[in-house]
Amino acid sequence: MGVIPECRGQGIAQQLMGFVIDFARLQGLKYIDLQASSMGRSLYQKLGFKQYYSIYFL
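Going by this note's numbering, the letters in the sequence shown line up with residues 92 to 149, in that order.
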């Protein structure tokens, strides 16, 4: 997911993730796994996600 620079800081990403999380719960899912960029990491932490591993590219 990404938000174009001129629209950042308006809560769009947080609202979109809220919809995704709510939908997952309605489907009975217990876990969501995502690969976050450093830019999005703080948002995901605010939403309750925890970092369990890191992926590095060579």
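Hints are supplied without guarantee of correctness; some may be wrong.
Claimed, not checked - Using 25 angstroms as the maximum straight-line C-alpha spacing, the simulated SDA-like pairs for lysine to any residue come out as follows: (1) Lys141 x Met92; (2) Lys141 x Glu97; (3) Lys137 x Tyr147; (4) Lys121 x Phe140; (5) Lys141 x Ile103; (6) Lys141 x Ala104; (7) Lys121 x Glu97; (8) Lys121 x Ile146; (9) Lys121 x Tyr144; (10) Lys121 x Cys98; (11) Lys121 x Ile95; (12) Lys121 x Phe148; (13) Lys137 x Ala127; (14) Lys121 x Gln101; (15) Lys121 x Gly100; (16) Lys141 x Phe114; (17) Lys137 x Leu149; (18) Lys121 x Arg99; (19) Lys141 x Gln118; (20) Lys121 x Leu149; (21) Lys137 x Arg116; (22) Lys137 x Gln126; (23) Lys141 x Ile112; (24) Lys121 x Met92; (25) Lys141 x Leu125; (26) Lys137 x Gly109; (27) Lys137 x Gln118; (28) Lys121 x Gly109; (29) Lys121 x Pro96; (30) Lys121 x Ala104; (31) Lys121 x Gln136.
The hints are simulated quantities; they were obtained by calculation from the structure and are not laboratory data. Please read these numbers as outputs of a predicted model, since none were measured by experiment.
Hints, one by one, checked against the model:
1. This hinted pair checks out: Lys141 and Met92 have alpha carbons roughly 18 angstroms apart, not beyond 25 angstroms.
2. In summary, the hint linking Lys141 to Glu97 is not supported, as the alpha carbons are separated by about 28 angstroms, beyond the 25 angstroms threshold.
3. Restraint check for Lys137 and Tyr147: the C-alpha separation of about 23 angstroms stays at or below 25 angstroms, so the hint holds.
4. Of the supplied pair hints, the one linking Lys121 and Phe140 holds, its CA atoms being roughly 12 angstroms apart against a limit of 25 angstroms.
5. A distance of roughly 21 angstroms separates the Cα atoms of Lys141 and Ile103; the hinted pair therefore holds under the 25 angstroms criterion.
6. At most 25 angstroms may separate the alpha-carbon atoms for a hinted pair to count; Lys141 and Ala104 meet this at roughly 18 angstroms.
7. With a C-alpha separation of about 34 angstroms, the suggested pairing of Lys121 with Glu97 is violated against the 25 angstroms cut-off.
8. Of the pairs offered as hints, the one joining Lys121 and Ile146 holds, with about 23 angstroms between alpha carbons and a cut-off of 25 angstroms not exceeded.
9. This hinted pair checks out: Lys121 and Tyr144 have alpha carbons roughly 19 angstroms apart, not beyond 25 angstroms.
10. Between Lys121 and Cys98 the alpha-carbon distance is near 31 angstroms, which puts this suggested pair outside the 25 angstroms criterion.
11. Distance restraint check for Lys121 and Ile95: the Cα-Cα separation of roughly 30 angstroms exceeds the 25 angstroms cut-off, and the hinted pair is therefore not satisfied.
12. Restraint check: the Cα-Cα separation between Lys121 and Phe148 comes to about 29 angstroms, which exceeds 25 angstroms; the hinted pair is violated.
13. Between Lys137 and Ala127, the direct Cα distance comes to roughly 13 angstroms. Compliance with the 25 angstroms bound is thereby established for this hinted pair.
14. About 28 angstroms separates the Cα atoms of Lys121 and Gln101, which puts this hinted pair outside 25 angstroms; it is violated.
15. The straight-line distance between the Cα atoms of Lys121 and Gly100 is roughly 29 angstroms, outside the 25 angstroms bound, and the hint therefore fails.
16. For the hint pairing Lys141 with Phe114, the CA-to-CA distance comes to about 19 angstroms; that is within 25 angstroms, so the pair holds.
17. Under the criterion of a C-alpha separation no larger than 25 angstroms, the hint pairing Lys137 with Leu149 is inconsistent with the structure, at around 29 angstroms.
18. For the hint pairing Lys121 with Arg99, the CA-to-CA distance comes to about 29 angstroms; that exceeds 25 angstroms, so the pair is violated.
19. For the hint linking Lys141 to Gln118, the alpha-carbon distance of about 21 angstroms falls within 25 angstroms, and the restraint holds.
20. With a CA separation close to 32 angstroms, the supplied pair Lys121 and Leu149 exceeds the 25 angstroms bound.
21. The straight-line distance between the Cα atoms of Lys137 and Arg116 is roughly 18 angstroms, inside the 25 angstroms bound, and the hint therefore holds.
22. The suggested pairing of Lys137 with Gln126 holds, with an alpha-carbon distance near 15 angstroms, which does not exceed 25 angstroms.
23. As the CA atoms of Lys141 and Ile112 are separated by approximately 14 angstroms, the hinted pair is consistent with the 25 angstroms bound.
24. The straight-line distance between the Cα atoms of Lys121 and Met92 is roughly 21 angstroms, inside the 25 angstroms bound, and the hint therefore holds.
25. This hinted pair checks out: Lys141 and Leu125 have alpha carbons roughly 10 angstroms apart, not beyond 25 angstroms.
26. Distance restraint check for Lys137 and Gly109: the Cα-Cα separation of roughly 11 angstroms lies within the 25 angstroms cut-off, and the hinted pair is therefore satisfied.
27. For the suggested pair Lys137 and Gln118, the alpha carbons sit about 22 angstroms apart, so the restraint of at most 25 angstroms is met.
28. For the suggested pair Lys121 and Gly109, the alpha carbons sit about 15 angstroms apart, so the restraint of at most 25 angstroms is met.
29. A threshold of 25 angstroms between alpha carbons decides the hint, and for Lys121 with Pro96 the separation of about 32 angstroms lies outside it, so the pair is violated.
30. About 21 angstroms separates the Cα atoms of Lys121 and Ala104, which keeps this hinted pair within 25 angstroms; it holds.
31. Straight-line distance between C-alpha atoms of Lys121 and Gln136 comes to about 17 angstroms, which keeps the hinted pair within the 25 angstroms bound.
Consistency note: the structure conflicts with the earlier hints numbered 2, 7, 10, 11, 12, 14, 15, 17, 18, 20, 29.
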